[in-house]
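Sequences are here, hints too, so could you generate the full structure?
Residue numbers (our numbering), protein chains in the order written: chain A, 222 to 307; chain B, 2 to 171.
These are computed hints drawn from the structure, not numbers from a lab.
A couple of the hints might just be wrong.
[To be verified] The calculated SDA-like cross-link candidates involving lysine to any residue, where the alpha carbons are at most 25 Å apart (straight line), are: (1) B:K28 x A:R253; (2) A:K236 x B:I64; (3) B:K28 x A:R249; (4) A:K232 x B:E55; (5) A:K236 x B:E60; (6) B:K57 x A:V289; (7) B:K65 x A:N262; (8) A:K232 x B:V61; (9) A:K279 x B:G50; (10) B:K28 x A:T301; (11) B:K149 x A:L265; (12) A:K279 x B:I10; (13) B:K57 x A:R286; (14) B:K28 x A:A227; (15) B:K57 x A:R238; (16) A:K279 x B:C49; (17) A:K236 x B:G152; (18) B:K57 x A:A227; (19) A:K236 x B:V61; (20) B:K99 x A:W299; (21) A:K279 x B:C14; (22) A:K279 x B:A9; (23) B:K99 x A:N262; (24) B:K65 x A:E252; (25) A:K236 x B:G91; (26) A:K232 x B:H142; (27) B:K65 x A:F237; (28) A:K277 x B:A48; (29) A:K277 x B:V16; (30) B:K65 x A:N254; (31) B:K149 x A:E252; (32) A:K277 x B:G152; (33) B:K149 x A:A239; (34) A:K232 x B:L143; (35) A:K236 x B:L143; (36) B:K99 x A:R286; (37) B:K57 x A:W299.
[As the list claims (entries may be wrong)] Some chain A residues well away from chain B (every beta-carbon gap over 10 Å; in silico): (38) M222; (39) T223; (40) R229.
All values reported here derive from a predicted model rather than from experimental measurement.
We put the CB at the ideal spot given by N, CA and C, even for glycine.
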Amino acid sequence: MTNDEALRAAKELGKFRAFSIRGHAFDRMEERNADQKDIANALLTATKASHEERNKWKFSGGVDREGVALGVVVAFDWRTEVITIF
Amino acid sequence: MNQTNNEAICSACNVSSGWITRAATIKKRFGAVSVVDRGVMLPHCGACGDWSIEAKALEVVEIKAAVAAIRDTVGGLNGEGMKVVRKILGLTQAQFAKLVGYEAAENISRLESGDREYPRAIQLAALFYLEAGVRGEIDLHLLSDEMKQTGAAPALPHDARLEVTKERAA
Ligand SMILES: [Zn+2]
Numbered sequence: 222m223t224n225d226e227a228l229r230a231a232k233e234l235g236k237f238r239a240f241s242i243r244g245h246a247f248d249r250m251e252e253r254n255a256d257q258k259d260i261a262n263a264l265l266t267a268t269k270a271s272h273e274e275r276n277k278w279k280f281s282g283g284v285d286r287e288g289v290a291l292g293v294v295v296a297f298d299w300r301t302e303v304i305t306i307f
Numbered sequence: 002m003n004q005t006n007n008e009a010i011c012s013a014c015n016v017s018s019g020w021i022t023r024a025a026t027i028k029k030r031f032g033a034v035s036v037v038d039r040g041v042m043l044p045h046c047g048a049c050g051d052w053s054i055e056a057k058a059l060e061v062v063e064i065k066a067a068v069a070a071i072r073d074t075v076g077g078l079n080g081e082g083m084k085v086v087r088k089i090l091g092l093t094q095a096q097f098a099k100l101v102g103y104e105a106a107e108n109i110s111r112l113e114s115g116d117r118e119y120p121r122a123i124q125l126a127a128l129f130y131l132e133a134g135v136r137g138e139i140d141l142h143l144l145s146d147e148m149k150q151t152g153a154a155p156a157l158p159h160d161a162r163l164e165v166t167k168e169r170a171a
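Set out below in structure tokens:
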């Protein structure tokens, strides 16, 4: 997957909320008062994708529903999972 | 419910040691009030123990937690807690003000940021919609879009056999 393809995939995930959330990511969400709709919005509005290890991608440049910067790390495994936010 | 693939590598710890479906502990915070849900069955990684939940399933957990937070707390929630509720309803401050019949968005903004007591009547109005969402009478995920289109709070289903009228003041 190229960076552009990953970014397109992120927008689809955000649009259809077609992702799962890991417990660790949920704890981070609670810390910064973000919910699953904020993550969907951050994926939809992300402007940059960068490859991490294995099939993990980091999406940045996006915002939550209040316009505050919110980055998301997604693992494209058998399930598409949000593993952390930043 | 998630399908569990026991061969799958855990994206959190990168280990493949199977998945166990059991009740998760999900703690949702509403300002000073926390709601712990121990009834959601989720796949847990056999190695790191971390769970995984679909976004749409998490929305249901959040709605139920919001109902409990308002209903089961004496005096209800503070502004910070009600901001979480508003976000679960998916509404802007202006839309929320309209939904609960409370003048303007600035008032909601003041209530969310200040130390003032958050009026219980507004909390109960929000509870009314949250509970309709739990019962499946309205789709809370569509609430914001619906209000954007119609500019009004959606009508809740009613019993057509019951006719309600209000007398005008003389
Ligand atoms: Zn694991």
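Now for the hints, and whether the structure bears them out:
no.: 1; hint: B:K28 x A:R253; verdict: holds (14 Å)
no.: 2; hint: A:K236 x B:I64; verdict: holds (20 Å)
no.: 3; hint: B:K28 x A:R249; verdict: holds (12 Å)
no.: 4; hint: A:K232 x B:E55; verdict: holds (17 Å)
no.: 5; hint: A:K236 x B:E60; verdict: holds (15 Å)
no.: 6; hint: B:K57 x A:V289; verdict: holds (22 Å)
no.: 7; hint: B:K65 x A:N262; verdict: holds (22 Å)
no.: 8; hint: A:K232 x B:V61; verdict: holds (23 Å)
no.: 9; hint: A:K279 x B:G50; verdict: holds (23 Å)
no.: 10; hint: B:K28 x A:T301; verdict: holds (23 Å)
no.: 11; hint: B:K149 x A:L265; verdict: holds (20 Å)
no.: 12; hint: A:K279 x B:I10; verdict: holds (19 Å)
no.: 13; hint: B:K57 x A:R286; verdict: holds (17 Å)
no.: 14; hint: B:K28 x A:A227; verdict: violated (31 Å)
no.: 15; hint: B:K57 x A:R238; verdict: holds (7 Å)
no.: 16; hint: A:K279 x B:C49; verdict: holds (22 Å)
no.: 17; hint: A:K236 x B:G152; verdict: holds (23 Å)
no.: 18; hint: B:K57 x A:A227; verdict: holds (22 Å)
no.: 19; hint: A:K236 x B:V61; verdict: holds (18 Å)
no.: 20; hint: B:K99 x A:W299; verdict: violated (42 Å)
no.: 21; hint: A:K279 x B:C14; verdict: holds (17 Å)
no.: 22; hint: A:K279 x B:A9; verdict: holds (21 Å)
no.: 23; hint: B:K99 x A:N262; verdict: holds (23 Å)
no.: 24; hint: B:K65 x A:E252; verdict: holds (20 Å)
no.: 25; hint: A:K236 x B:G91; verdict: holds (15 Å)
no.: 26; hint: A:K232 x B:H142; verdict: holds (18 Å)
no.: 27; hint: B:K65 x A:F237; verdict: holds (22 Å)
no.: 28; hint: A:K277 x B:A48; verdict: holds (19 Å)
no.: 29; hint: A:K277 x B:V16; verdict: holds (14 Å)
no.: 30; hint: B:K65 x A:N254; verdict: holds (17 Å)
no.: 31; hint: B:K149 x A:E252; verdict: violated (30 Å)
no.: 32; hint: A:K277 x B:G152; verdict: violated (41 Å)
no.: 33; hint: B:K149 x A:A239; verdict: holds (24 Å)
no.: 34; hint: A:K232 x B:L143; verdict: holds (19 Å)
no.: 35; hint: A:K236 x B:L143; verdict: holds (13 Å)
no.: 36; hint: B:K99 x A:R286; verdict: holds (19 Å)
no.: 37; hint: B:K57 x A:W299; verdict: holds (18 Å)
no.: 38; hint: M222; verdict: holds (15 Å)
no.: 39; hint: T223; verdict: holds (21 Å)
no.: 40; hint: R229; verdict: holds (19 Å)
The structure shown violates the earlier hints numbered 14, 20, 31, 32.
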